[in-house]
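S.K.: Take the sequence shown: its letter number 223 is residue 1477 in my numbering, and every next letter is one higher.
Watch out, some of these pointers could steer you wrong.
As the list claims (entries may be wrong) - Simulated crosslink set (DSS-like; lysine-lysine; CA at most 25 Å straight-line):
id	residue 1	residue 2
1	Lys1435	Lys1347
2	Lys1347	Lys1437
3	Lys1434	Lys1347
4	Lys1347	Lys1288
To be clear, the hints were calculated from the coordinates, so they are not data collected in a lab.
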Amino acid sequence: MIDHKANFRRGVVDGLPIALGYFAVAFTLGIAAKNAGFSAVQAMVESLTNNASAGEYAVFSLVAAGAGYLEVAVMTLVTNARYLLMSCSLSQKLPPETSVLHRLLVAFDVTDEIFGISIAFPGRLDPWYTYGAVAVAIPGWGLGTFLGVVVGNALPLRLVSALSVGLYGMFLAIIVPPAKKDKVVRGLVLISFALSFCASHLPALNGISAGVKTIVLTVAIALAAALLFPVKEGKEAQA
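The task is simple: from the sequences and hints, build the whole structure.
M.R.: Right, dumping it as structure tokens:
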């Protein structure tokens, strides 16, 4: 029998480092929100409902430029579209009997880091594990944005940038363990790094948004991996 309480607590523990990283990154978003004319409360609400740094920054930038509602909505959709893929992937990891409500709740706050720890959950994913991580990650993000509006401009810019580096450390902590165990995963990680670097620096791709590049690379690499290195169902259940 699944111990939902234990998995929720485990999610909280695993989500604490993510919350700290979000708190630091959200400081910079708070500064952008203030420059766009948002109050601290408005910026916090925006962060609580749109947990995505690129998506939020796009919103704040467009609002500051005087863009209309439709432009903001479309840009946010494009920037955050990669989370649709992550949600579909997590949906496959959930037990088949998982209700639609649980699937929607899990999908509500799928971020890169939450997705990373959730997809790494051994065996089938217990939604309550993700809820535990989200329970600390969302407040960290919202509070960071709030304080970024209130006191962000008073902090040295170098300090805020230094705090933001912590988020990249969390990415490494998510991908390094499975990469050490599986040479296929290790190879795919290295290929992903190389292709992402090329996509960011090739002049021919400058007109394509970062969100679209991420989606194309994710689909292409995942499809190639699935075709060339399929994972047997029994092996996946034991992961």
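S.K.: Which of the listed hints are broken here?
M.R.: Hint 4 is the one this structure does not satisfy, whereas the remaining hints hold.
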